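S.K.: Listed here are the chains, written in short residue letters.
Protein chains: 2
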Amino acid sequence: MIKIVIDTKGGDKGATEMIKGAKAALMKYDQLSVLLVGDESVISSECKKLEMPMDRVEILDAPLEITNYDSAADAIFNKTESSMLKGLKTLSEREDLFGLVTTGNTGVLLTGAMRYLSGKDRVRPALAAVLPSENGGFTCLVDTGATIDCNSQMLHHFARLGSDFMKQSYAIDSPKIGLLSNGSESSKGNKLVKETYPVLESDESLNFVGNIEGNRALSGDCDVLVCDGFAGNQVMKVTEGTATRIITDIMKYAHRTGSDEIKKLGLHLMEIYDIGSLGGGYILGITKPVIKARGNAGEKAVVSIAGMFVNMASNKAMFDKSKNKI
Amino acid sequence: MIKIVIDTKGGDKGATEMIKGAKAALMKYDQLSVLLVGDESVISSECKKLEMPMDRVEILDAPLEITNYDSAADAIFNKTESSMLKGLKTLSEREDLFGLVTTGNTGVLLTGAMRYLSGKDRVRPALAAVLPSENGGFTCLVDTGATIDCNSQMLHHFARLGSDFMKQSYAIDSPKIGLLSNGSESSKGNKLVKETYPVLESDESLNFVGNIEGNRALSGDCDVLVCDGFAGNQVMKVTEGTATRIITDIMKYAHRTGSDEIKKLGLHLMEIYDIGSLGGGYILGITKPVIKARGNAGEKAVVSIAGMFVNMASNKAMFDKSKNKI
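Residue numbers (our numbering), protein chains in the order written: chain G, 1 to 326; chain B, 1 to 326.
Derived from the structure by calculation, the hints contain no laboratory data. Predicted, not measured: the structure shown is a model, and the values here were computed from it. Don't take every hint at face value.
Since the list gives no way to pick out one identical chain from another, each pair is judged satisfied if it fits inside one copy or across any two copies.
[To be verified] With a straight-line Cα cutoff of 27 Å, these simulated DSS-like cross-link-like pairs (lysine-lysine) come out:
1) K264 - K3
2) K288 - K120
3) K20 - K176
4) K3 - K120
5) K263 - K252
6) K13 - K48
7) K188 - K79
8) K252 - K264
9) K13 - K79
10) K13 - K188
11) K300 - K288
12) K300 - K194
13) K49 - K300
14) K120 - K79
15) K252 - K288
16) K120 - K176
Here chain G stands alone, though its shape is the one from the complex (with noise of 0.2 Å):
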């Protein structure tokens, strides 16, 4: 059995909806239990709704909510009764919780899991995300948006965090390490890239594979790959907004001519490409798992979520291959 907390507050779609998504896991994966924080009488009441199997479900109660308006300095202290950072207590203090997704503001949960699952060097956190390559693996990027501003000192943590990640969750032996740069040549580079590019060439535990440019982001060059959190930002952003825009025209184009062998391509294509419904980012550098989804995540991110922990717990890669290629 894994049994996984569900903070079940601050997401835009409400309480009901991460409810919805809890019962779609468990009626998915049979080792799966929840631990749902919240608002014990909205739960309690949904629950029943739902007709949950409630010997694999625990509430706990904590109504107080972190919203995005929340400054992590104020809220790490005033708010530890929230549902999130109760939630990242409890995760820290029970030895049967295996990991907690929450929906809720990024820089909280960033400080809620420095604060209460740090490991020994109490680094701050890494936010990664998985996305699927070209040769149908998946390539790990980090940062994608904790950290803004980054030293050469950072990114070389980054990479070591991705390294253990995907040797980890994807079992891979050396995982190849890349740099996002804006050429292939080791010379290429911004002023924190080039002056990263030594430090992760030296380090022999890294399976340094040097500069990636952008076009090959997601190649599938490297299973880790390694940046800034503005750059990687990007990376997503610009992955997301082009694919939206190609497959947007190709739905277009379906609807004017009544295509539907265009339509069943267009939303093939939707599902490959859509990056919101992969799950989360995880974050990297604490002592459990912890997956940040998105603020508008509904039931379906909750049951692919649930489905990267069950996938975690038993030390397999989290995605089917095959279903990431055409």
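Could you slot chain B onto chain G? The hints should help.
M.R.: Chain B only, in chain G's frame:
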């Protein structure tokens, strides 16, 4: 009549391809004439072979080539007789010449442009790309890689150059200026973006519309998108990489299913999203139009760039907007 300088050397495909492009451009644009710079004997013999209309062709002998291994600092002093630098010098000296196109080394080109074509301020020129936006218009992305590490003064300068360019070449009265960031709120951004925001905001000559996220880069929310050369390079390359990947998926699917309809769609998308075929990058901040074509530019790119010059000369947008929609 408009006369443009074509550097026949420095490209991956050799002089013949550039001269073929010149011929095709002369056939397409009646008002065009060309000055071909390079190895005179090669150019003369190619012109004969291709039956060029020699009344609209002039040849300038400069057999020395700028390669990708030349450093800008060296070349600018020791290779003034190269086709690129002799071309730039001639462009600066002769009133009958409108602009120049080259496929050669970007670093040498920028330094050469600054040496021979600087305005009064002698600022470092920027490299801009004009990309088709979602709404059928165009977005000028600046800088796309000429200056990798920037400060807020440089980004302010890029905003002004981009604004002037979109006024002049696209007849937009008050171009909307966006700042590439990791969130749309004014509080978002890395150190550079946060420093640049108030500078752009307080410049009354600019129609600053605030921060733009990567997924909205080519949405048409702004006419000029300002960023440092590292980020601009990522936007260009990630867009290209994502588009190429999706279109490759579509063509594979067409091949497997044998669907002519889907193949037609794939080819159509290829035309819209092939950033390479759109022409080249504009060098902004100098006294005459200079366009940097890709190293692998061929006949088609030369024709497309000649069209850009012809349209600039007649002060109207260079692309047919209807073409940019599916």
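S.K.: Hints first: check each against the structure and report whether it holds.
M.R.: Right, here's what the structure says about each hint:
1. In this assembly of identical chains, K264 and K3 lie within 27 Å of each other by CA distance neither inside one copy nor across copies; the values are 37 Å within and 50 Å between.
2. When the C-alpha separation of K288 and K120 is checked against a cutoff of 27 Å, the pair qualifies only within one copy, where the shortest distance is 13 Å, while the shortest distance between copies is 60 Å.
3. For the identical chains of this complex, K20 and K176 are neighbours neither inside a copy (38 Å) nor across copies (43 Å), given an alpha-carbon limit of 27 Å.
4. Taking the shortest Cα distances, K3 and K120 sit within 27 Å of each other inside one copy (25 Å), while across copies they are farther apart (69 Å).
5. In this assembly of identical chains, the alpha carbons of K263 and K252 lie at most 27 Å apart whether taken from the same copy (9 Å) or from different copies (16 Å).
6. Within a single copy, K13 and K48 get their C-alpha atoms as close as 20 Å, which meets the 27 Å cut-off; across copies the closest is 71 Å, which misses it.
7. For the identical chains of this complex, K188 and K79 are inter-copy neighbours only, at 24 Å across copies versus 45 Å inside a copy, given an alpha-carbon limit of 27 Å.
8. Proximity of K252 to K264 under the C-alpha cut-off of 27 Å is found in both arrangements, the shortest distances being 12 Å within a copy and 15 Å between copies.
9. Taking the shortest alpha-carbon separations for K13 and K79, only the intra-copy value of 22 Å comes in at or below 27 Å, while the best inter-copy value is 64 Å.
10. In this assembly of identical chains, the alpha carbons of K13 and K188 lie at most 27 Å apart only when taken from different copies (24 Å versus 44 Å within one copy).
11. Taking the shortest alpha-carbon separations for K300 and K288, only the intra-copy value of 23 Å comes in at or below 27 Å, while the best inter-copy value is 55 Å.
12. Taking identical chains as interchangeable, the C-alpha atoms of K300 and K194 are never at most 27 Å apart, the minima being 41 Å within one chain and 36 Å between chains.
13. When the C-alpha separation of K49 and K300 is checked against a cutoff of 27 Å, the pair qualifies only within one copy, where the shortest distance is 19 Å, while the shortest distance between copies is 64 Å.
14. Proximity of K120 and K79 under a CA criterion of 27 Å is satisfied intra-copy only: 25 Å inside one chain copy versus 58 Å between copies.
15. Taking CA atoms no more than 27 Å apart as the test, K252 paired with K288 passes in neither setting, with 44 Å inside one copy and 41 Å between copies.
16. Proximity of K120 to K176 under the C-alpha cut-off of 27 Å is restricted to the intra-copy arrangement: shortest distance 26 Å within a copy versus 49 Å between copies.
Going down the numbered hints, you'll see the structure goes against 1, 3, 12, 15, while the others check out.
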